Amino acid sequence: MISNKSFNLKQSGIAYLFLAPAFLFIVVFIAYPLVYSFYLTFTEYDFVYDSSPRWAGVSQYVSIWQDKNFISSLQNTIVFAVLYYSIVMVFSLIIAFIIAELSKGQTFYQLAVYLPIIVPLSLAGVIFAWILDPTFGVLNHMLRTLGFESLATKNWLSDYSTALPSIVMITLWKYVGFNVVIFLAGIQGVGRDILDAAKVDGASFFQEKILVVLPNIKSYLAMASLYSIVQAIKVFEVPYVTTGGGPGTATLTLYLYSWRTAFGYYKMGKAATIAYITAVLIVCFSVLSNKFLEEKEK
Amino acid sequence: MRKKIAFVSLLVVFSFVLFSWGAFAQEKILRIESDEWILNKFPVREAAERFQKDHPEIKVTVSPKEYKEFVRSYLLMWQSDETTVDLGIGGMPEQLAPLVGADLLVDLVDVVTGIEGIMPAFLDTAVFKKGEERYYPVMPFMGELMTLNINKSFYADAGLMDAEGQPIEAENWEQFESQLQKLKEIAPVAALSVDWGWNFIFYSYAGGIQAMRGSIYSPTNPQWLDFESEAALKWLELNQKWVREGLAASGTITDVNYGRNNFNAGIIPAIYTAHSRFIEAGEYLGEENTSMVSLPGARENGSIVYTHAVYIPKVSPAQELAKQFIEEQMFSEWFQQWGFNHYGKLPVVADFYNEGLTWYQKEAELILETVNNSVALPKYKGNEMLLDLLQEQIHPLLLDRQTPEETLSNIQNEIEARDIDMTRLD
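Protein chains in written order, with the numbering used here: chain A, 1 to 298; chain B, 299 to 724.
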C-alpha cells in the first residue's frame with residue numbers, strides 16, 4: 001500500500017518535472033538576462049575594447065544625469081507618453097462609444113479600426129515617412145489641393161515643432177484599435193438594466209456614458225491604461241525608422257538612446273542603466289495610473 | 299566464417315572512413331557574405347562561378363548578410379570563435395572599426411602589397427595602426443568621391459553651360475551662390491540638396507572644408523577633425539544661409555534619400571553627395587543629362603573619398619582561399635570596371651581607368667584627377683558618438699536654431715563632456 005505522504009511526494013515530483021522546462025526557459029531567457037543586465041548597470045563595459053565588465057559602483061546612475069542626450073531623450077519620452085496616453089485613451093473611448101451606438105455594421109467598424117494592429121510598427125513608420133514626405137507625400141498633396149499652401153510645403157518629420165507630434169500620430173494610428181476593442185468589450189458588458197435605470201432617472205446621453213458606463217468599465221480602463229503606458233514609454237520603432245532621433249535630438253527617446261548606446265557605441269553599462277531607468281519610469285506611471293483609477297472608484 | 303564477417307566489416311568501416319576523409323579533404327569551401335546592395339551592384343555571384351571554374355576543388359557559396367546590423371552579429375560570432383563566413387564584403391572601414399578594435403580580422407597587408415596601383419586616397423581609407431605599425435585589416439574594393447552631382451537640363455535652362463555644352467564650374471563661393479540663385483528660379487523645390495543625413499554627414503561636412511582649405515584637420519590639433527577654422531565656420535554659414543533662403547533643401551536631415559530621390563525625379567538640379575548618384579540618375583534622366591562638377595576649390599584641394607571593403611575573420615579556416623578570391627576576382631580588371639560600367643562605382647586601381655570604362659569617360663577623367671588630390675576621413679575610437687554629435691549640432695544649425703559659431707563651440711565642448719574617444723585608429 002502506498003502512503004499518502006509518498007503519493008504526494010511522487011505527485012509533486014512529477015509536477016516539478018513538468019514545470020522544469022518552463023522554469024529552465026524563464027531562468028535562461030528572462031531571469032538571467034534581467035539579473036545580468038542589472039549587474040551591468042554597476043559596471044563600465046565597452047563591448048569592443050574591454051574583455052570583461054569593470055565594477056563602477058553607482059557611477060552610471062550618477063553620471064547619466066550629466067548627459068544632455070539622456071535628458072533630451074527623457075524629456076521627449078515624457079512628452080510623447082503624455083501626448084500619446086491622453087489622446088489614445090480619450091480618442092479610443094469616443095470611437096468605442098460611437099461603434100457601440102451603431103445598430104448596423106459594428107463588426108465592420110470594429111475590424112476597420114483594429115486592422116492597423118496587424119501592420120508591423122516599423123513598416124507603419126516607413127509608410128508614414130512616405131505619406132509625410134515634403135515633396136511627394138500624400139499629406140502635403142492633400143493640403144495643397146485643399147488650398148493650405150503654406151502648410152503644404154512643410155517637412156513634417158524634419159521640423160522641430162512637428163517631428164515628435166508626427167510620431168505620436170503614427171503610433172496612435174497603430175494602437176487606437178486595440179484600445180477600442182477592449183473598451184467595446186467593456187461597454188457591451190454593461191447591463192441593460194443599469195442603463196435603463198439611468199434613463200428612467202432622467203440621465204442625458206453624456207451623463208449616461210460618463211456617470212454610468214465609465215465606472216462600470218473600470219477594469220477595462222485599467223487594462224488599456226497599463227498597456228498604453230507601456231507602449232508610450234517604450235517607443236522605439238517609429239522614431240528609429242522615420243527620423244533616427246532627429247532633427248538634432250528632437251525625437252530621441254529613451255529606448256532609442258539605450259539601443260544606440262548599446263549597439264552603436266557599445267557602452268553596455270550605460271545602455272543597461274538607461275534601460276533600467278526606463279523600466280522604473282514605466283512602473284511609476286503604471287502605479288500612478290492605477291492609483292488614479294482606484295481613487296475614482298472610492 | 300567469423301573471420302570472414304570480421305574482415306568484411308572492417309573493410310566496410312575502413313572504406314567508409316577513407317571515403318569520408320577523402321571527400322572532406324577534396325572539397326574546400328569558401329563562404330562569402332555580402333551586403334545585399336553589393337550583390338546587386340557587383341558581379342559577386344558571377345565572380346564566384348568563375349573562381350569555381352578555375353579551381354574545381356573549391357566550392358564557393360555567396361549569401362547576403364543576414365542582419366542589417368551585421369557588425370554586431372559578427373562581433374558576437376567571431377568573439378565566440380565561430381564563423382559562418384570566410385570573406386565579408388561590404389561595410390565602410392570606419393563602420394568596421396569595432397571588428398578591427400576587437401582584433402578579429404586578418405591583416406591583409408600581403409594582398410595589398412601584391413596588387414599594384416591601388417590609389418593612395420582609397421588605400422588610406424583602410425589603413426589602421428597597431429602601436430606605430432600600419433596594417434590593413436580591411437581592404438577597399440570600390441570607391442566613391444564626394445562631389446556635386448548635377449542635372450544638365452537645369453544648368454542649360456539657367457544659362458550655366460559653356461560654349462562646348464559643359465556645365466560651368468563655379469570658381470568661388472560667390473559665383474557658386476549666384477549659380478544656385480539662377481537654378482532656384484527654375485527649380486520646383488530648391489536648387490541644391492546637401493546630404494546631411496546620418497550616413498553622409500561626416501563626408502559632407504569634411505568635403506566642404508577640404509575644398510576650401512585643402513585639409514580637414516584642426517589647425518591647432520592635427521589629430522582632430524577641423525571644428526575651429528575659418529573654413530569650417532564659412533562652410534556652416536553658407537549652408538545655413540542657403541537653407542534659410544530656400545536655395546538648399548533640408549530634407550536629408552531625416553530622410554537620407556531625400557536628395558537622391560528628388561534628383562532622380564528631376565526636381566532638384568544639384569546634390570552634394572557621392573559621385574555615383576549622377577550615374578545612377580542617368581538611368582532615369584538620360585545619360586546625356588547628368589554629370590558632375592567640383593565644388594569651388596575642390597579641383598585643386600581635393601575632396602573626400604570613401605570606400606567599401608572586404609575582410610577576413612581570424613576564425614575562418616579558409617583565410618588563404620579568401621585572399622586568393624580577392625586577388626583573382628575582386629581585383630581583376632573585369633570585376634573592377636563592371637561596377638563602374640553598370641553603377642558608377644569607382645575602380646580602386648588607377649590602371650583600370652582606361653578604355654574599358656564604357657560610359658561617362660569625360661567625368662571619369664575628372665574623377666581620377668580629383669581622387670588623386672582627395673583624402674580619407676580619420677577613424678576614431680569614438681566614431682559613432684562623434685557622428686551622432688555632428689547630427690545633433692548641424693541639424694539645428696541648418697534649421698536656424700543656433701549660429702555657426704555656437705555649433706562649432708558646442709561640438710568641441712561636447713566632445714569633452716561626453717568623453718568621446720578621439721584616439722585615432724589609423
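It cannot be assumed that every hint is accurate.
To be verified - Here are the computed lysine-lysine pairs in the DSSO-like style, where the Cα-Cα straight-line distance is at most 30 Å:
#1 B:K450 to A:K68
#2 B:K351 to B:K612
#3 A:K209 to A:K104
#4 A:K154 to B:K482
#5 A:K154 to B:K532
#6 A:K154 to B:K539
#7 A:K154 to B:K450
As the list claims (entries may be wrong) - Residues from chain B that keep clear of chain A, each with C-beta distances beyond 10 Å, as calculated:
#8 E334
#9 W335
#10 N338
#11 K357
#12 D405
#13 G412
#14 E469
#15 N559
#16 A616
#17 D724
For the record, the hints were derived by calculation from the structure and aren't laboratory data. Nothing here was measured: the structure is a model prediction, and the numbers come from that model. We put the beta carbon where it would ideally sit given N, CA and C, even for glycine.
- Query: Taking each numbered hint in turn, which are not upheld by the structure, reported in ascending numerical order?
  - Reply: As far as the earlier hints go, 1 and 15 are violated by this structure, in ascending order.
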